[in-house]
Amino acid sequence: MSFSRHLLPIVLVSLGGGAAAQEVDFQRDIRSLLSDRCFKCHGFDEEMQEADLGLHTFATATRDLGGYRAIAPGDSAASELVARILSDDPSEVMPPPKANKPRLSPEEVALVRRWIDGGAKYEEHWAFVKPTRPEAPEIGESGSSHPVDRFLDAARAGKDLPLNGPADPRTLVRRISYDLRGLPPTLAETEAFLKAHAADPESAWSSLVDAFLASPAYGERWARDWLDLARYADSNGYEKDRPRSIWPYRDWVVRALNADLPYDRFTIEQLAGDMLPDPTLDQLVATGFHRNTMLNEEGGIDPLEFRYHAMVDRVATTGSVWMGLTTGCAQCHTHKFDPITHTDYFALFALLDNADEPEIEVPDPALTKRREEIEARVAALESEAAAAVDEADFRPWLEELRAKWADWTPLPPLRARSNLPLLEIENDHSVYASGDFSKRDLYEVSLDLSAFAGREVTALLLEALPDPRLPAGGPGVAYYEGRKGDFFLSEIEAKAGGRELAFSEASVSFGKIAIGSGEITGANVFDGDGSTGWSTATREGEAHHLVLRLAEPLAGGGELDLSLLFERHFVAGLGRFRISATDATGELEALPAGVPDVISADEAELRRGFVRVSPGHEAHREEVAKLLRQRPEIPTTLVMRERPAHHPRKTHRHHRGEYLSPKEEVKPAVPALFEPIPEGTRADRLGLARWLVSERNPLGARVAANRAWQALFGRGIVHTSGDYGYQSELPSHPELLDWLAVEFVEQGWSLKRLHRLLVTSAAYRRDSRIDSVQLAKDPDNVLLARGPRFRLDGEMIRDGALHAAGLLSPKQGGPGVFPPQPAGVTELAYGNAAWKTSADEDRHRRSLYTFAKRTAPFAAYLVFDGPTGENCLPRRERSNTPLQALTLLNDPMFLEAAEALARLTGSDGEPDPLESLFQRVLSRPPSEDERRDFLAYHEAQLARLAAGELDAAAILSAEKGDATPELAAWAMVARVLLNLNENITRG
Amino acid sequence: MKPLKPMLHSGLRSLTRRHFFHDCGLGLGRIGLASALAGGFPNLLRTASANPLAPRDTHYGAKAKRVVFLFMAGAPSQLELFDDKPKLRELDGKPIPPSVIAGQRYAFIQPDAAVLAPCFPFARHGQSGAELSDRLPHLAKVVDEIAIVKSVTTDQFNHAPAQLFLNTGHGLPGRPAMGSWLSYGIGSEADDLPSFVVLKSGGSLSGGAAMWSAGFLPGSHAGVPFRESGDPILHVSNPAGYDARAQRDSLDLIGKMNRRELGTVGDPEIETRLDAYEMAWRMQSAAPGLMDFADEPPETLALYGAKPGDPKAAFANQCLLARRLLERGTRMVQVYHSGWDHHSQVANGVTAQAKQVDQASAALVADLKQRGLLEDTLVVWGGEFGRTPMVEASAALGRSLGRDHHPQAFTMWMAGGGIKPGITLGANDELGFHVVEDPVHVHDLHATLLHLLGIDHTKLTYRYQGRDFRLTDVHGHIVRKLLA
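Line by line, the protein sequences give chains A and B.
Everything in the first sequence is counted per my numbering, starting at 1 for the first residue and increasing by one.
Everything in the second sequence is counted per my numbering, starting at 1001 for the first residue and increasing by one.
Hints listed in this document are in silico derivations from the structure and should not be mistaken for laboratory results.
From the three backbone atoms N, C-alpha and C, an ideal C-beta is built for every residue, glycine too.
Take the hints with a grain of salt, since some may be wrong.
[Claimed, not checked] Below, computed lysine-lysine pairings styled on BS3-like, alpha-carbon distance capped at 25 Å:
1. A:Lys40 / B:Lys1459
2. B:Lys1369 / B:Lys1481
3. A:Lys98 / B:Lys1481
[What the hints assert, rightly or not] Take a look, some chain B residues computed to stay more than 12 Å from chain A by CB distance:
4. Asp1084
5. Pro1121
6. Asn1158
7. Ala1214
8. Asp1404
[Said to hold, decoys possible] Examples of chain A residues lying across from chain B (beta carbon under 10 Å, computed):
9. Thr532
10. Pro553
11. Ser772
12. Ala859
13. Asn871
14. Leu886
15. Asn890
16. Ala952
17. Ala954
18. Leu956
Sequences and hints are given; from them, build the entire structure.
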């Protein structure tokens, strides 16, 4: 398709009825019309096709329907479609009344007729054709040779729009400072730029751009946009919305952007960093991108149903971020508007589906060192206490335990299988469980009793073993609702030679239940009641054991079949365990937790065990416990881990997209409308990631370039920035978009170079004042005859106020912080979650670091259309509401900034506090009129303060310094400045 | 460059406002407009106004102008309140037939659980002879004003998804709430209060803020939760040290500066900002009067059982506040009361919650009626699902004599606003397990609610991510039998 030849840049708003004058263009005039009015019943979804007619391809639309055709190319009069769209008969007319679609207007009918008369040529949708670099048009009205301006000039040519000149340098420095760093310029930066600009505007601009691109704040500003897409949050979402630790991923994004990690690598590492050869820790952390899905911890849910929902979200987000495709429709049925079949959808799903979802440690050398110090201290304390043990106490204690203990022989498992989880036999005869788990899992293990040939087994030992691969180190696999690493063994049944074996008694080293009040005894596991069992909550990461006496001895030599049932209202299987047996005949009892094997352990170990449990050592244990409480946690983060080759997860097509209706298995692939993943490359997550940033994906670079454009110009070239399908708006400047996409790739996928390219255009630097003709002809500023102006995001408004007031902390990274907000914000969330306001510097960190709680987002960001983290957000709304006014006027956070501004500028010795406030907040001095108005306000308030009508001590906080009427009046002035439209708009 | 022509004279300005409304500000951009029109809703959004919350015409005559939804979060047991099942008394303690529960998923219980008989006696009330348990003595007095629907069904069997489903028509967060759809579709009648207000009493809400989120609709349509501590509307009070005059002086200077900027740069968004600050001022002025019940006669407080400031009367206080909001033009008030999740000891639980809720719920119906507001105010009462005919008991959780979640069949009631009074709709099988007559799915409930407000649920659409979304998705039938 020769896309660039015939597709003149067009503007929807100026179309009106003037379309008749132009040649009919399928892309522009016909496709969206057919797609919107017809495809629902006559489109890609063959199951839904009415009258066996599809209007989505030339072949299907022109098919012989029995003596007539829907579309007769070249002859609209003979086309049934035309007859139907013109019909007045409700049973004939298309679209039919039940479709709830408007009829075609006379202009639209005329377009369709002319298109049919011209041969009814179908063309491939522009977005599905690979971009090629169009030649930049001649230099146009702006006189700028910058390629961006040449494309924009060409699109605007003949539209008779007055073109604005460059913005003044004060506006420019503020504009680019917010755009590239998310912060206003400092006084010094503004002054320096004004000076440089006066000498040489171009070189001044160039240096300013370079300086801001190199600023560490650049990564923080652009990370915010990326995290909107990544639906990043610091809590799990849904009902309980408990905190999660995934901030290392957020910090990775900031670092990657600051380092200008090429966008192709940026993509591959986030989608499949774990599958790269010898992945670095950073590459693992990067896979947090798709771990930002929500986790439902509500008691009683089906965990795999919500894993399915998370997968749906991953498919939707991948589609939106890298393919500009809205895949959501195809979850339930073949997409009616875009050429994506139901099977295509699940093939894409399958590419992402084959991973487990662990949490890994992100070691921090300082914290690790501190832990090691504490652990060494504990070991020393124990050795010290053990050395001082009185033999007269120790020996009888040991003998008593030994009398009830046995020499256990681990039984080699022959087979291990389950209803769902993968059970694998390890070299030490333990069994390791992984993969998917449900609320009711049954493990079946067959054990080899040949070591007991000629002897009788009298008792079994079940060891629940910790393992670093398990949540919180195990021994259980619980990862939501309960405590991480918990398990709940409901029942054990034993069989040998087809005969059921009975247990007579049982004991446990330790037992405690999480979520509930049930009592733990060993006998719970053979009482026939699934709601009682054995659990070792609160002592995760340690080994525990259960001793089971057989009611009657079992002759060794054959096989022992054990079935273990784990049944709770949440996933509670064991992650690693080992079965041993003994022929000992005496009394048998579990050892207390903390005591090593009393037969095989050495004397020193045994003595340490003694001081851990025996009376008389309470003070020592308290000292140890106190030390352990000071042991810092190693930070963790959520990552993806591809499943082992022998345990792939099968993906099925789901009827109507419903979790409970799986149908045939679907093999991984990219949607058939695209070139496939190349031969020789595995169709897996890594294959998809590489494909997305390869030339085979016509949309990867376009979508990224459009997002950069949207961020800097306020509105994407494709306005529907997450949707490039048939239903999307056509790009306002298609050739420019393709030029940018190709340029972006050729410049090594460098986002910084792309940003630099855009902001060095004349269009970016244009004055943003709106002329009445511009407003009438191009209200959305699609043609950019004026500079873009738009309201700042809530985060930038807060950061800007803190920055202007000298409060903003430059500290980067780390766990989410809790700046002040009214208590009422989180009380509506489940469990009345407390918002523990941070102290000191953390009150004033950049908004990027504010703890993001999904069910109660920080109020001041949400009110300015900030994200909730529940869905991928390709474009924020920019609403303008009374609640925003109340926030800026009355939120203590902004009052604190106003006070700080007053204390910076209103103190004695400041020659012109008003000028200083204007400069700090608006980066400009006041005009004479403004000075008069503000000083009148200041004087009026000062008079009321002096007269005691207003209370300076209430307006200011005493702990920050003097509360004089003078300062209070300046704080009131600063508050007004922070509320100005000019302050919250990037003009 | 040609000189800029500032646009200030009034004709141009109204043109500006219209353009602004259609094409830029407030997020009500071309997408919403296009999809509303494509959905065949020609009146929607056509008002030339800068205010997205301005009242708009409906599709056809509306029976109801406003809605109050008393949301019983946690899911009350229909078997202890509305739906007597003698068969359950007969089978008490015996396992439920396996054929009934085959293939059903439960949150907590195992499928072999035994039947639990209804815990309370039932009696018929009013001229309609509607059956209620003895836990609802106040509702019994207004029973001829309400329509009881015994055959409600939902798709979700856990709290958060089911609460979201009942509020947004979808089990996952991210879709607009009913109240947001109303605000988007027909705007607000109040110019000093939010259009969609959320009140709460009792414990935590599983569905959380997503239940009153505007989802993909512009944020101005989001529900405004009234806070229990501090300002009812966040930041509606003046800051410490500021009196009304100081606030007004500040607003005047802000307004003057913003108008000056408008004159210089001509951005219509600034005009909207001016309006927003003035509405903020009106909200600040209106809120104290709204929240202060001093003008309510003692009989009214007594009718509801309201005691201002007493947390034990929280639900009653919220019901009275709801009426005051509705009177002042708020379109939709949701009163959430949580505490109905009786997995254990359902008899005690229902008794305690009914004590908190019954009187005020009935009082709201009676009070609206005596004020002539009931006829165009729709009242809805109910939870996210029902409770099982089987008992829940668990040693691990220390539970006994409770009921688990039951999405298949449960009861809600509605009143006023075009609802046929004094009827009981729908019936379930003898175990109360499945609906056997007149099923009312949550989507049907939404379709009916929109219908009563004059909106065709198939035509109220918003295009998002390439698709026209509706509150009722691709489902929903108006329940004609409920209409007066």
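Checklist entry - Which numbered hints does this structure break? => result 6, 7, 8 and 10
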